[in-house]
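> Protein chains in written order, with my numbering: chain A, 661 to 1066; chain V, 661 to 1066.
Accuracy of the hints is not assured; some may be wrong.
Put simply, identical chains are the same to the list, so a pair is met inside one copy or across any two.
[Claimed, not checked] Simulated pairs of lysine-lysine, DSBU-like, Cα-Cα distance not exceeding 30 angstroms: (1) Lys667 <-> Lys1063; (2) Lys946 <-> Lys716; (3) Lys1063 <-> Lys819; (4) Lys946 <-> Lys895; (5) Lys716 <-> Lys1008; (6) Lys895 <-> Lys667; (7) Lys802 <-> Lys946; (8) Lys667 <-> Lys802; (9) Lys819 <-> Lys946; (10) Lys716 <-> Lys1063; (11) Lys959 <-> Lys1063.
Note that these hints are calculated values from the structure, not bench results.
Number of protein chains: 2
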Amino acid sequence: MTKGMEKGLVSRLVVRGESRMVLLVMDGLGGLPHPETGLTELETARTPHLDDLAGKSLCGLVHAVGPGITPGSGPGHLALFGYDPLEWDVGRGVLSAVGVGMELTPDDLAARVNFCTVENGVIVDRRAGRISTEENARLCRKLSSIRIEGAEVEIRPEKEHRAALVFRGPRLSPFITDTDPQRTGLPPLQCQPLPEGGEEAVHTADLVNEYLRRAAEVLSDEHPANMIITRGFSKMPDLPTLDRLYGLRAAAIATYPMYRALAKLVGMEILETGPTISEQVECLEKNWGDYDYFFLHYKHTDSRGEDGDFQAKVRCIEEVDAVIPRILALRPDVLVVTGDHSTPSLLKAHSWHPSPILFHSRWERRDEVRSFGETACARGGLGIFPARHLMAMMLAASLRLGKYGA
Amino acid sequence: MTKGMEKGLVSRLVVRGESRMVLLVMDGLGGLPHPETGLTELETARTPHLDDLAGKSLCGLVHAVGPGITPGSGPGHLALFGYDPLEWDVGRGVLSAVGVGMELTPDDLAARVNFCTVENGVIVDRRAGRISTEENARLCRKLSSIRIEGAEVEIRPEKEHRAALVFRGPRLSPFITDTDPQRTGLPPLQCQPLPEGGEEAVHTADLVNEYLRRAAEVLSDEHPANMIITRGFSKMPDLPTLDRLYGLRAAAIATYPMYRALAKLVGMEILETGPTISEQVECLEKNWGDYDYFFLHYKHTDSRGEDGDFQAKVRCIEEVDAVIPRILALRPDVLVVTGDHSTPSLLKAHSWHPSPILFHSRWERRDEVRSFGETACARGGLGIFPARHLMAMMLAASLRLGKYGA
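Just chain A, same shape as in the assembly (with noise of 0.2 angstroms):
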């Protein structure tokens, strides 16, 4: 929308006040044409409520990095809640462990893990047959006996096969390269330091290499799950809060892990919910109170994307549509709609095209869409726009910004 907008504008702009926004982003929402109707997932679900709010709303089209660019679910998230995608970068290693509750420092180096299956010296699967989410703790307790010189090392059990782990020690670096080769036939890779990171990398990856040679050690027993290979490794961001950037007490209702710790991560509190949309608007009625900004994640709608079901990522989004009256029945100040990344099911995987977005406001003007959908959001009147800037759109609306300039 607008190239550098100045550093630090918005937040010297913000001023405090009751108003309530909810940020409703189904994960992946975004698609492409099915080949045999011409219309998206969104444009061929049944979506009453949706349609009827972007009558009274403005729509368009959101990227969360830029154009051409396919946006990881951090990247994606950061910039909906306000914060530079390209400034700040969360690695995967920090999502997971933050995601299962461990607290980091900023000295503290985590990583992705996966189990897996070696036979005859090389990866045969990589999920090491999506092991039950019961195993893999019981193997954690097993791998957490391992002792390492210089460092130490807490591994925690994620869904099935993921696990995050974390090293606690003095001079630890996150330039090393992952030990995951990504497809299977090869064996587990040798941890490497990166130039960058200097003598500090190659402490590093030594004490990785160390660990990952006691944990075969440990698992060499065990069947399917009798190798871990990781990824992601990296340090805690040193991100300023919402609090802190926009004066917002802010709080997340989101079941998956990662999602809920981006949300910490930025500073939000993370709100007890049970699994489904029905009882994470539950959850937002019985807060409704106590917080400015409501962070809504639902994860499905990404999910079916990545299985490539059509119809199920059709079904999700109108499981959706079903609670949008109950938000509204709280009367947020502004409500937005949106995707943190398109999921289109004809590619079974994020992409690069942008989210529609619905912003709903009594502080804004109306456009001419009149149902949710990505041809119909891309002659709304928001017309296409970077996502870091929503937030100062929705503070705005909000009736959070004070003027700029005499």
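Following the hints, position chain V against chain A.
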């Protein structure tokens, strides 16, 4: 649309692939509405194939440099090729020299030359009656006898009254003024050093003035071309290649020297082609298997616009429309049709108006645009965007960019 996409981000995300892209540039495509019909050249032209394709594509408007800025052909094309035109400056002299096949080292200094007619000390014709290219070649051979101290000088004919001049030697500076006064009634100017060029500019201006004094002697018995004037002194910019930046084996199918030069500067292979658009497409067909990215340049839309010949520009557009089916028959993964700038017949010159653009890919959405024209494109799904984003968009839609962030 978006602020300073982090430098190098797109390059870091590139993955190589087998997909094929075509960028069809109709030079100076965009226009202004005819006062009688209210339709631009493109809107007046009968373009059944482009209209049909628009219905299966995303459309929009694209700025080469920025709102209000009229681009020369250099920045216009560099932006489309994925180079920020404000960062990379390619001088007129370099374009001329590379265009006629001269090899330039980073030390060489190139200028664009016009043969002109001088009477009683003042220029009476800046183009020497548009002498023939053969006469030009004869005069260049004659000028090649000149030897000056401090640099080797080479002059080569372009078309008609135009030539390229290259100085080779130590301590040459591009910070010197043109000797072309840009209008008749004035004498050829003395070459002056510019302050930012320091001592080297003083030295260079002396060399140039010495050379031009000798050229005047050599040409004194000629008519009408009895002098040369110079402009656009410049050195070779250190442009990274498309291969290095974007992993692309790129080829150019262009008939005019300047566009071939621009393509060469970014590392494209220059393919041999006949002069008509039909022969250019034949060249595309013949080389289809050998490159990832084809730049197909059609010159006449710009030339007829500069002539102010509205109807002739309309006919040129129709000529290109006729070959669209042959390009589509190659099944490119991405086909983009646009201009490097607008050249409205009513202005008889390059203009600042954004160029209509059509973006076709099976991995893109559709919009509601059903004909290819400026007014329709203004409501297209791509919105109005800076041309330097086009390369990322083309790479994405040909599945050649990985994900950003965890």
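> So which of those numbered hints doesn't the model satisfy?
4, 7 and 8
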